[in-house]
Amino acid sequence: MTDIHAEATRGNARGWLEDHLAASGRDPYDWDLDAAAALLYDAAVESHAPYYDYVPRATVERILENTETTYANCDAVRFTKRQGRTWPDGTKWGKTIPANRLAWACVTRWHDLDGSVDGGAGDYLPDETLRREYETLAARQETEDDDLQPEWEALWDRIRTHAAAMDMERLARWYCELNDPATITGMKPLKTN
1 MTDIHAEATR
11 GNARGWLEDH
21 LAASGRDPYD
31 WDLDAAAALL
41 YDAAVESHAP
51 YYDYVPRATV
61 ERILENTETT
71 YANCDAVRFT
81 KRQGRTWPDG
91 TKWGKTIPAN
101 RLAWACVTRW
111 HDLDGSVDGG
121 AGDYLPDETL
131 RREYETLAAR
141 QETEDDDLQP
151 EWEALWDRIR
161 THAAAMDMER
171 LARWYCELND
181 PATITGMKPL
191 KTN
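Position 172 of the sequence shown, counted from 1, bears residue number 172 in the working numbering, the numbering being contiguous throughout.
Don't take every hint at face value.
Listed next, with one range per pair, are the computed distances between beta-carbon atoms [unchecked claim]: (1) Thr-9 <-> His-111: 46 to 54 Å; (2) His-111 <-> Asp-75: 21 to 29 Å; (3) Arg-131 <-> Trp-93: 26 to 34 Å; (4) Trp-152 <-> Ala-72: 27 to 35 Å; (5) Asp-27 <-> Asp-147: 49 to 57 Å; (6) Asp-112 <-> Lys-92: 17 to 25 Å; (7) Arg-10 <-> Glu-151: 54 to 62 Å.
Bear in mind the hints are in silico, worked out from the structure with no lab data behind them.
Glycine included, each C-beta is placed from N, C-alpha and C at the ideal position.
Using the sequences and the hints given, assemble the complete structure.
Here is the structure:
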């Protein structure tokens, strides 16, 4: 039986999609629902469907397939740790980081590791050139009396620049590497709209 709320109007397309996804056990955050709603409305108009329930299922699934959230179009990334594990900042279990802040989160987490891990944090850098630079500076720091602070700051600037240029999936993987990857059970791109 058709739900009157499923009437094909521009204003309720998103709500219908959310209900449809929930009924099939799928997480609405896996899709760009605004884009999917616009396409669903157009499909309903094109097929003269008075209700969204009358839009062919294959069309709905094709719309969902074309609007699925990826790392390239996500607004945030959700990371999940094993139950009982916490993040370094005290957050328990799940942590969602906006896409526009993930590079900064990686760089600051790496900076927190610097000096606190055996062998130095150089192993945790995402690029071989940066690792070599770090190791060279660390070795010089141990043998020279010179003030290397300006060189360290220049390296940190290069690390920030490198992180800002990384794609979202690489950033997400780097964030996992920096936060005890054995305790992380998932990372997932999200659309938060």
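When the structure is checked against the list of hints, which entries are broken? Sort them ascending. none
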